[in-house]
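K.L.:
Residues per chain, in single letters:
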Amino acid sequence: MDKKATLIVHSGDLDKVYSAFIIGLGALSMGMEVSMYFTFWGLERLKKGKLDKASLSRMNMLGLGRWMIRRKMKQAGVASLDKMLKDFVELGGKILACDMTMEIMRVDKENLREDVISDYCGVGTYIKEAMESNVTLFI
Amino acid sequence: MGEIKVDCKNETCPVPLVETRKALRKASKGDVIEVMGTHQSSKKEIPMAVESMELELLGVREEGGVWSIRIRK
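Protein chains in written order, with my numbering: chain A, 13 to 151; chain B, 2 to 74.
Among these hints, one or two may not hold up.
Unchecked claim - Straight-line distance between alpha carbons at most 30 Å, and here's what the computed DSBU-like set of lysine-lysine pairs gives:
#1 A:84 to B:30
#2 A:65 to B:6
#3 A:95 to B:44
#4 B:30 to A:28
#5 A:98 to B:10
#6 A:106 to B:44
#7 B:45 to A:15
#8 B:74 to A:121
#9 A:84 to A:28
#10 A:86 to B:30
#11 B:27 to A:16
#12 A:121 to B:10
Claimed, not checked - Covered stretches of chain A, as calculated for chain B (at least 3 residues, CB under 8 Å):
#13 60 to 69
#14 117 to 126
Source of the hints: derived by calculation from the structure; they are not laboratory data.
Heads up, the beta-carbon is just placed ideally off N, CA and C, and yes, glycines get one too.
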């Protein structure tokens with residue numbers, strides 16, 4: 013059976029979501045199966061048009077820090093989150109949305125990127141997958 | 002059996018790894034994939050991915066800061 017990585021994306025901060033996708037893509041590229049569970053602030057990134065509409069976890073400075081980081085990333089040729097999400101799905105990665113977060117934050121499926129979400133689930137699904145995983149991270 | 006070229010020059014982490022994986026998924030068994038790039042960590046990590054997927058690493062070369070890795074699926 014293939015090795016597996018299971019990531020929880022709890023943070024909706026731009027830098028952490030980048031880290032999550034880079035790790036997820038790295039694991040897929042190494043031949044692993046990968047599931048990313050978006051919960052709490054992370055779920056915000058799965059709303060339509062909100063993938064990269066996030067602030068930095070530190071030194072955001074009312075958006076100035078984000079602007080600087082984005083510029084530096086562009087100069088370094090870092091791929092956009094849009095491309096990373098597209099590649100993630102293309103390589104067979106699974107995107108899962110926490111249904112409890114959807115309930116408490118009053119988010120409907122219609123407001124989410126249904127085109128990339130493979131399922132809506134709770135903690136049990138994560139634990140079941142985590143038990144079978146070689147790598148699991150909380151971001 | 003075909004030969005597939007993947008150009009990842011001037012791309013950074015994790016693009017060379019990802020593009021290699023995408024090419025490998027599309028390739029048929031026996032195809033040779035040649036990846037070229039400039040990101041130094043990827044030069045070490047693509048062979049790691051090849052090993053973990055139990056594919057055949059045909060060779061790694063570098064000339065003038067551009068590396069080239071050949072893999073057989």
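K.L.:
Hint by hint, say whether it matches the structure.
P.N.:
Results for each hint:
1. A:84 to B:30: Roughly 40 Å between the alpha carbons, so the hint for residue 84 of chain A and residue 30 of chain B is violated.
2. A:65 to B:6: Answer violated: residue 65 of chain A to residue 6 of chain B is near 35 Å, above 30 Å.
3. A:95 to B:44: 22 Å, holds
4. B:30 to A:28: Judged against 30 Å, a Cα distance of about 37 Å means the pair is violated.
5. A:98 to B:10: Cα-Cα ~21 Å, so holds.
6. A:106 to B:44: With a Cα-Cα distance of about 27 Å, the restraint between residue 106 of chain A and residue 44 of chain B holds, given a limit of 30 Å.
7. B:45 to A:15: 20 Å, holds
8. B:74 to A:121: 40 Å, violated
9. A:84 to A:28: Roughly 16 Å between the alpha carbons, so the hint for residue 84 of chain A and residue 28 of chain A holds.
10. A:86 to B:30: 36 Å, violated
11. B:27 to A:16: It holds: about 21 Å lies between the C-alpha atoms, which stays within 30 Å.
12. A:121 to B:10: Status violated; Cα separation ~39 Å.
13. 60 to 69: Coverage by chain B is violated here, the residue count being 0 at a Cβ distance below 8 Å.
14. 117 to 126: violated (count 0)
Hint compliance for this structure: hints 1, 2, 4, 8, 10, 12, 13, 14 are not met, and every other hint is.
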